[in-house]
Amino acid sequence: MGLVESGKLPKPLTSLLNTSRKYSLWIFQWGLACCAIEMGAALGAPRYDVMRLGVIPLPASPRQADLVCISGTVTDKMVPAIRRLYDQMPDPKYVISMGSCANCGGPYWDSYSVTKGIDQVIPVDVYVPGCPPRPEALLEGIVLLQERIGKEDMATRWKGDPIVVS
Amino acid sequence: MTALTERQQLAYANAQAADGRVNLEFETDEGMTLNMGPQHPATHGTLRIVVKLDGEEVISCEPVMGYMHRGYEKLTEVRTYPQVTTLINRIDWLGSFANEVPFILAAEKLMDIEAPPRAQWIRTVLFELSRIANISLFVGDMALHIGAISAAFYAFRDREYVLNQIEAATGGRFHPNFDRIGGLKDDLPKGWIADTKASMEKIRDFCDEMETLVEGNEIFQARTRGIGVIPADVALAYGMTGANLRASGVDWDLRRDQPVGLAWNECDWNVVTHPDGDSFARFWVRLQEIRESTKIVDQLLDGLPAGPIMAKVPRIIKVPEGEAWVATENPLGEMGYYVVSKGDLGPFRVKIRTASFNNVAVIPWVTRGVYVPDVVTILASLYFILGDIDR
Amino acid sequence: MEETPEAPEVDEARQAVIDKLTEELGEAVVGSHIRPGDDVWVRVTAESWRTAGLVVRDHLSFRAFEYLSAIDWLPNPYGKNEDAPTDPRPEPNTDIVTGYAGGDTRFQVIARVQSYTSKLGLNLKVDLPDDDLSLATWLPVYAGVNWHEREVHEMFGITFTGHPYLQNLYLPGEFEGHPLRKDFPLLARFVKPWPGIVDVEPMPASDDEAEAETEEAAE
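Chain order of the listed sequences is Y, H and C.
So the first sequence is numbered by our numbering: it starts at 250 and just counts up by one.
So the second sequence is numbered by our numbering: it starts at 1389 and just counts up by one.
So the third sequence is numbered by our numbering: it starts at 494 and just counts up by one.
Hints are computed from structural coordinates only; laboratory data are not their basis.
Hints should not be assumed to be uniformly reliable.
[As the list claims (entries may be wrong)] Calculated cross-link-like contacts (lysine to aspartate or glutamate; reagent style EDC-like; alpha-carbon spacing at most 20 Å):
1) Y/K260 - Y/E396
2) C/K573 - H/E1461
3) H/K1730 - C/D597
4) H/K1578 - H/D1593
5) C/K675 - H/E1709
6) C/K612 - H/D1621
7) C/K612 - C/D531
8) C/K573 - H/D1732
9) Y/K365 - C/D531
10) H/K1700 - H/D1500
Keep in mind it's a predicted model, so treat the numbers as computed, not measured.
Looking at chain Y on its own, in the form it has when it is part of the complex (with noise of 0.2 Å):
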């Protein structure tokens, strides 16, 4: 894949990979608290449906997800099986931080034992607000991912570098 490595990839063809890949996102089947609730309406329930979107939550492995989405509180006990996880996934992959615990430590911002913010470990792309977003917010994070996505350089994320969308 030489032409994605250097950069000579045409914009149709960047085009099109990029729609491919945003239309076929395999989500990691996890959930941490309440969120992860929230999160399970909107991947298993008929009335929010995510498939729609062309997310697929079926891996129960992150050798198989592109994206993962953080739902509920991170405890610093949980952290490092966190970041385990996501060095598991292959890249190119995107993390959903969902829910205010995992975007800030949400109500126990001054918990002893909770990480406030899983960005502190992860980096983030999206962050869905709410305690807990419904899930046609999260629907909207998830169809804000695929915005992004879709404006991608293949060639910086091929090569590992921070990407920034403007």
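With chain Y fixed as given, assemble chains H and C onto it according to the hints.
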């Protein structure tokens, strides 16, 4: 290839496993350790179960908790009473109105305030709605863990009706934060009663569906009957409560036996018990409890008294000095709050007695000698919520 | 034994519990309190803790175990840190005032047991001196107390002699300190300035007349 000793082979396999964090560790003497780690599709959240196996049989099984420990008891000490109400919604995050009620009742007991009857009745209705929302997810989830995935979709779909009603009344699908010391935040919206009765019909249809789909299924029966039997005296010694206790044959339901002022004795319903004490019994008891809850909601909505929904409380709530314990029959079991107050704006110490903490304590006892798939069945049937265990 | 001064109501069932307990344990019962119609508290000595457990389980048939926890009666020396940094810090109150059934020490272990036959519950309290924060384990009495004692050990630092595995339950291995003690500060409240300082609103009904009015009406 040079001949490797068995020790070297095991070391190699260990190294591979440790590197890839495949959740196995081989031990040479005691058998295999299987780590159902904090991320696992079969645990209800971030619970880590370390299982020592002899072949397929479990020698010992130790749950490791704390991955969702948020420090509730410390946090309540620096918050005012209304702020604590907001926080404790999130302990049992599926049936969340039910978490607020015992705390509010304890504060009302110390302040010597009684909420008006309409507020008590509506509290009971919302309590039962949150019970239905909670246990219907259990029903779908237990089938999911056993392998019948479609039941989970039905559960999520029919739960939405109940969540709609809770949202129409309180503004939040879960975490309603609706209970106030002295009553409720708001009255019910127009047309809510008729809508809720319609959704109770749908929930009863859901129960019938689950009975034919899941309970009658012979694979489900083969996987749950006789698995994880907990006799009544063991259940009492461990402090198990709720449907787990009733499935072991103990006829104890706090709604009937230790009334706290809510409206359960105003309507006609049964306490469901089952003599077996196995996983099937726990599933069956909970399914019947959903039916009983729909009956309670229908009867209460028929006879809802008119009146104010908030008693006269001062604007700034200062609870007088004292200690109070209130426990209610939450969807997961018995949840109680021991509130120690020193006359301040906020509590001095709150001990949160959660049902799942005691329910999960029995796991090392009940999983001796079972097979690995049965561990998953037992976990699913004991039904805990991690926020309830870890607080 | 106290009776509330207004209502000469005597809760006979609960009084019988206290009497039976005093009969079995004698001088080990050092305090008690009844809220009539509601609840009963009994305080025992630390040496008799195990015996008290066996007595309530076997002779008084409190067979169901609810919880075991502890209370630290020291008032919070840090406050909530919600005041403006220029306001004078309030003097921390160091008086230790204990609650129902009395108590002389800073730490008290409290346990609750329940009887499903008589539908009564019993709160048992025990004082622990500051220099000897240890108590006999209740494992032979109720099997479910295992994790409760582990939690109290990690949160308060109270040792339970005879417990086979007093390791941390909730906290990660490297955690230092005992969080539920009152002198364990919540550091996030110190590190972040309280956002509400910027726009300070007066508390509702902050004038004394409105408060007195509502309190009068509530009586």
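Status of each hint after checking the structure:
As the CA atoms of Y/K260 and Y/E396 are separated by approximately 16 Å, the hinted pair is consistent with the 20 Å bound. Between C/K573 and H/E1461, the direct Cα distance comes to roughly 15 Å. Compliance with the 20 Å bound is thereby established for this hinted pair. Taken as a hint, the H/K1730 and C/D597 pair is honoured in the structure, with Cα atoms around 17 Å apart against an allowance of 20 Å. About 25 Å separates the Cα atoms of H/K1578 and H/D1593, which puts this hinted pair outside 20 Å; it is violated.
Under the criterion of a C-alpha separation no larger than 20 Å, the hint pairing C/K675 with H/E1709 is consistent with the structure, at around 18 Å. At most 20 Å may separate the alpha-carbon atoms for a hinted pair to count; C/K612 and H/D1621 meet this at roughly 17 Å. Annotation: proposed proximity of C/K612 to C/D531 holds, straight-line Cα distance about 11 Å (limit 20 Å). For the suggested pair C/K573 and H/D1732, the alpha carbons sit about 12 Å apart, so the restraint of at most 20 Å is met.
A threshold of 20 Å between alpha carbons decides the hint, and for Y/K365 with C/D531 the separation of about 41 Å lies outside it, so the pair is violated. With a C-alpha separation of about 11 Å, the suggested pairing of H/K1700 with H/D1500 holds against the 20 Å cut-off.
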